[in-house]
Amino acid sequence: MMLPPIGLLHYLILSLCLFSFGLLAVITRRHAIGILLGIELMLNSANINLVACNHFLNPGGALLDGQVFVLMVIALAACEAAVGLAIILRFYRQAEAADVADAQLLKW
Amino acid sequence: MPYNDLSIFGPELSLCGLALVVLVADLIVPRRWRLVPAGLAAVGLAVPVYLVASRWMAPQTFEFMGAYVIDSFADSLKLVLLAAAFLVILLSVDYLRRLERGFGEYFALVLFSLTGMMLLTGAFDLIIIYLAFEMISLSCYVLTGYMRQDRKSNEAALKYFLYGAAASGVMLYGISLIYGLGGSTRLSEIAARFMASGPTAAVAVQPAFLQSTLVQAGIPEIYVLRLAELMMPLAVVMVMVGLGFKIAMVPFHAWAPDAYEGAPTPITAFLSVAPKAAGFALLVRLVLLWQPLLMAHWPALLAALATITMFGGNLWAIRQTNIKRMLAYSSIAHAGYLLIGVVVAASDAIGQHGIIVYFAAYLFMNIGAFAVVLLVARNRGSEEIADFAGMYRTAPVFAAAMVIFLLSLTGIPPTAGFVGKLYIFGAAISTGKWAWLAVVGIINSAISLYYYMNIVRVMYFGEPGDEAMTIQPVGITIVAAICLVGTFAIGLFPQAIIELIQQYI
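Same order as they appear, the protein sequences are chains A and B. Residues 1 to 108 in the working numbering are what the first sequence lists, from first letter to last. Residues 1 to 505 in the working numbering are what the second sequence lists, from first letter to last.
Source of the hints: derived by calculation from the structure; they are not laboratory data. Honestly, I wouldn't trust all of these hints.
[Stated by the list, open to error] Estimated spans, in silico, between C-beta atoms of each pair: (1) A:Cys17 with B:Phe493: 34 to 42 Å; (2) B:Gly17 with A:Ala78: 21 to 29 Å; (3) B:Leu27 with A:Gly60: 45 to 53 Å; (4) A:Ala62 with B:Leu301: 33 to 41 Å; (5) B:Ile429 with A:Ala62: 47 to 55 Å; (6) A:Leu71 with B:Arg148: 26 to 34 Å; (7) A:Leu71 with B:Gln291: 26 to 34 Å; (8) B:Ser430 with A:Asn58: 44 to 52 Å; (9) B:Pro59 with A:Asn58: 28 to 36 Å; (10) A:Val68 with B:Ala58: 23 to 31 Å.
Here a beta-carbon is modelled for each residue, glycine too, at the ideal position from N, C-alpha and C.
Use the sequences and the hints to build the structure in full.
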């Protein structure tokens, strides 16, 4: 059986899977670091979309909007992780746990 | 190449520069002169204000190959943002007295997030939208957790960050889909491409070969078309998640009460006005530009969101005992009123005018209310509504000012809040189709009267628990005075501001 060549669709399905896993992690994880990892997965699934769309929409590579966008997202994801880890660390020092179930001071 | 005119970026560039100057000044100046960074930040805001005001009547201009736009709508919201930042800086000076260090960074972060907000009001490109979004969010997360010894502040920052990062992740995925479907990052080009592909519009030209792959794989063409039609609305809904988070719209509001309660109070005041103004600017732009090519039900969806946002905010606000938390829910409700303006803006420019008038009013009345909250917290050490008891005797002038702000938030004449609500509800009624939204808004204003007046009741009929509130910091007094004047000025002379807006926008 001949498999069709790898095209945009395959990349989109891959990114959709990654995004779903990320979202699932954000929803189900109770540990703040776990949630942060899920968020990183979501960002990277979007990156796959951007790169793949850029490649297949401009076969000659005339426009690089998507690729440039990905560089920006990577830089921002690093900033977000830095800020996020600092906030989580601060919370951990005081609550002595980084479990979101411990964040109970502010309710309703 | 139209790269020659950087002046269009003048306000944003000067703000960025100002933030850096504040950072450096904090390093050079001895620690006991802590007023210097704050003073620099407050006075320096005059530069961007001047730059925005000096191009006030300029026609709509695109720059950076269509990636950035200035028009009167964006510029007037920029003035609101700058005013909010100025008032918040004044409020912060006294609040930060407890800080050992990090005095300058605080103001630099306020200015950086302000830069992001100003960029967002003029963003016309997906990349700029995402960058501005993150610039606002990252600064605001840090500011929310700025009181590092305070557990509440840390917890608020954690919740704000986790919600915010997840929302921006969903939004980025939506943006990447829009890029794939539209084939460009420019909002206008995406719109043009969808227009070119026919009146049914939702089928983009671009995924043609996505379709061919699917057809090759043996999936009937009709399903492929359906799928392609669904993708754009889906992507836009994902972007709406991010935007809804920013403006604290009801299914995405869960972070707001927690972040507002735990954040340093001046930052709460900032969060309740500024990011909302930036978010609404982008929302209006997207609705105007893309409305013809999304679903026909798009305004109806927004109307439904406005309704649940108003009811949700107001009903939750009733049971609060902490004033910051109550004002958080009240600010959610105000986002609902503003969403009515967005619904109207989809068909009529009067909706845009309404949003600007409402923000001008909301700026003064809400920050004014927070100024009084700060005064009470400074004297009583906590922010419970019970702390306001008998305030008419312990701080009569501030109690009277609070009554005015609360009346204005309810929307009672002759205050600014009345003018804002009148304009937005009037705009809704004038469209005919959305008149029912105005009715919902009026019902909600009646609900809000209950919890706003509860504070008045506590202030005037509660037993004064302690001695007089003798600590009345200068910054708080000035802000309360400015806000009082602003609330009355818009309330008593609405014609002036309305004419100004109608003439130029």
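Evaluation of the provided hints:
| no. | hint | result |
| --- | --- | --- |
| 1 | A:Cys17 with B:Phe493: 34 to 42 Å | violated (59 Å) |
| 2 | B:Gly17 with A:Ala78: 21 to 29 Å | holds (24 Å) |
| 3 | B:Leu27 with A:Gly60: 45 to 53 Å | holds (50 Å) |
| 4 | A:Ala62 with B:Leu301: 33 to 41 Å | holds (37 Å) |
| 5 | B:Ile429 with A:Ala62: 47 to 55 Å | holds (51 Å) |
| 6 | A:Leu71 with B:Arg148: 26 to 34 Å | holds (33 Å) |
| 7 | A:Leu71 with B:Gln291: 26 to 34 Å | holds (32 Å) |
| 8 | B:Ser430 with A:Asn58: 44 to 52 Å | holds (46 Å) |
| 9 | B:Pro59 with A:Asn58: 28 to 36 Å | holds (33 Å) |
| 10 | A:Val68 with B:Ala58: 23 to 31 Å | holds (29 Å) |
Violation of the numbered hints given earlier is confined to hint 1; every other hint is satisfied by the structure.
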